[in-house]
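Each chain is listed here by its residues.
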Amino acid sequence: MLELIKDMTSFPKWGAGVFTVWTRNYMYFKYTFLITLFWVILEPSLYLFAVGKGVGMFVGKIDGVSYIEFFYPALLCSAGMLVSFFESTYACFTRLQHQKTFQTILFTPVQADEIGLAEILWASCKGFLGVLGVLLVSSLLGLVNSVWILPALIILFINCWVFAAFGLLITSYVKHWDTFIYAQSGFIIPMSLFSGTYFPLYSLPDWAQSFAYLLPLTHSVMATRFLLEGQINPMLLLNVGMLLFLAIILSNWAVSRLKKRLIV
Amino acid sequence: MAQATRIVIEARGLKKQFENVLAVKDLSFHVLEGECFGLLGPNGAGKSTTMRMLNCVSQPNEGDLFVLGLDAKNQTQRIQHQVGVVPQEDGLDPDFSAFDNLYIYARYFGIARREAKKRAQELLRLMNLEDEQDKGVYEMSGGQRRRLTLARGLINEPALIMLDEPTTGLDPQIRHFVWEYLEGLKLKGKTLILTTHYMEEAERLCDRVAIMDKGEILAIGTPREMIETYVGQEVVEFVCRPSEIDYYLSKYRETYEYQVLNNKVRLFIKEGDNPKSIMEGIDSEMITLRRASLEDVFLKLAGYKLSN
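Chains as they are written, first to last, in the working numbering: chain A, 1 to 264; chain B, 1001 to 1308.
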């Protein structure tokens, strides 16, 4: 228990290595650019059309806005979540376990802390690219029409960071690919469905609503909606506080764990 | 050999425990500047664990380790800046070409982009890998990958280079290339530390060797000293029927040190002995007299696994 608290509260050290390891991933990304664009941008866009436009036709208005207007802020969040999570689990695990990329980097002056931070930062950036992709398509549909999108982008980046760190944490424990399925089907996918994404939280029973407030994505979705509607309220502060708290705790924990796994 | 004066590595009482295995217990040795130091031992002797501690990617549970005068406990980054590592598993990045492997690795040392490209190019040329520079790691042969790994270990122009089994699994041609290359590095005054289980390699390259087994150093010294201390000058080696072994041992046990490996007997001849007369007393078609080698020392000190 004490060990756990220590892991969560010890801040990893930033250094120049974060940048070089990030750049290593970016160089690889450049080779596989088209594949990434395909799933990072095309897939969420399909959701936007199929669910936002398609299902939306039968829904009418929610809280005074059309269904697609209700839905797209949530899609910004869940797209960022999924891309970041997949990057810091499957892709990162490949580098850790199969390619031994990190073990080799450790022979250089780059430290384990920097590798962990670089991986989280990289996965966050890739998730953020997904966010920008959805945003682009949303703009083409005329959905984005407020300057509040700028502060919302900051929230969306923090959202990516939270799930990138969560993914790395899982990766640091996992011995085999299959284990990711637990986190994916047991947590990430349900969260993308029940965090006030496809329908408002108040349509859930009370107990389920209380539970939903424990989910990080709920806070991202709420904060993004508030901002895009131009509503600044105390709840928004709570949402942002919760996200920042999780971002810090999860990244401390994930990097500490990764370090223990790498330096034996 | 360059003049060896300064101590480059000093290990005192290193101990490394993994869950329920004591991989290294109470290890002490030093390596001098400009020498080639070899860690020899059978598989599982603790060579790689020792190397990982020297590379600062593993921390000893007990003991002190100084590399280039820096404490490995808290100055790992400064040590790693000055050390070149050639690990046993090459750890080449399969996402990139040969050239990019070197370039990216150089960047981890904070080497500026232009300089990193220059050094990558130079090392590829030195290793005869220019034609392979755009190839992916999986498209390269084992020998090419090994040369690329060697090149990578030199990208930061280290004064101290650590190699974990640098020639394991290589064909003889590449092995000779690696040896000649390492000899070249020695001539340039670089300090080398390597692990190996090829005695021929150790005898050829190493100024001093330490024989390890079960996490301990059994003996340490120059190959010549070790051979003279533990074996002698020459060895009479013969093959006989298993039933005859006891007969021959009863005959020579008192006078000579010996070793039995399956149905092969080795008698270690000291200075002043007359090997001819011994050989006349042995009825075997497969009998030879040869110079004692490091392999004899190794088998004597750590060879119990083979004799059983």
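Hints were generated in silico from the structure; no laboratory data involved.
Every residue gets a Cβ at the ideal spot worked out from N, C-alpha and C, and that includes glycine.
Among the hints, erroneous ones may be present.
[Unchecked claim] Beta-carbon label-pair distances, calculated as ranges: (1) H98(A) to T1255(B): 56 to 66 angstroms; (2) Q1059(B) to I5(A): 18 to 28 angstroms; (3) E3(A) to H1081(B): 51 to 61 angstroms; (4) N1074(B) to D206(A): 45 to 55 angstroms; (5) R1012(B) to K6(A): 26 to 36 angstroms; (6) T32(A) to N1061(B): 25 to 35 angstroms; (7) N1061(B) to I5(A): 18 to 28 angstroms; (8) N1074(B) to L141(A): 50 to 60 angstroms; (9) H98(A) to R1204(B): 32 to 42 angstroms; (10) E3(A) to K1117(B): 37 to 47 angstroms.
[Unchecked claim] These stretches of chain B come out as covered by chain A in the derived footprint (C-beta under 8 angstroms, 3 or more residues): (11) 1048–1059; (12) 1196–1207.
We went through each hint and held it up to the structure:
1. H98(A) to T1255(B): 56 to 66 angstroms: For T1255(B) against H98(A), whose Cβ atoms are near 57 angstroms apart, the range 56 to 66 angstroms holds.
2. Q1059(B) to I5(A): 18 to 28 angstroms: holds (22 angstroms)
3. E3(A) to H1081(B): 51 to 61 angstroms: violated (31 angstroms)
4. N1074(B) to D206(A): 45 to 55 angstroms: Since the Cβ atoms of N1074(B) and D206(A) sit about 54 angstroms apart, the hinted range of 45 to 55 angstroms holds.
5. R1012(B) to K6(A): 26 to 36 angstroms: Hint holds: Cβ distance 29 angstroms, inside 26 to 36 angstroms.
6. T32(A) to N1061(B): 25 to 35 angstroms: Check failed, 42 angstroms falls outside 25 to 35 angstroms.
7. N1061(B) to I5(A): 18 to 28 angstroms: Because 24 angstroms falls inside the window, the suggested range holds.
8. N1074(B) to L141(A): 50 to 60 angstroms: Holds - the Cβ-Cβ distance for N1074(B) and L141(A), about 56 angstroms, lies within 50 to 60 angstroms.
9. H98(A) to R1204(B): 32 to 42 angstroms: holds (35 angstroms)
10. E3(A) to K1117(B): 37 to 47 angstroms: Since E3(A) and K1117(B) have Cβ atoms about 44 angstroms apart, the given range 37 to 47 angstroms holds.
11. 1048–1059: Answer holds; 4 residues pass the 8 angstroms Cβ test.
12. 1196–1207: violated (count 0)
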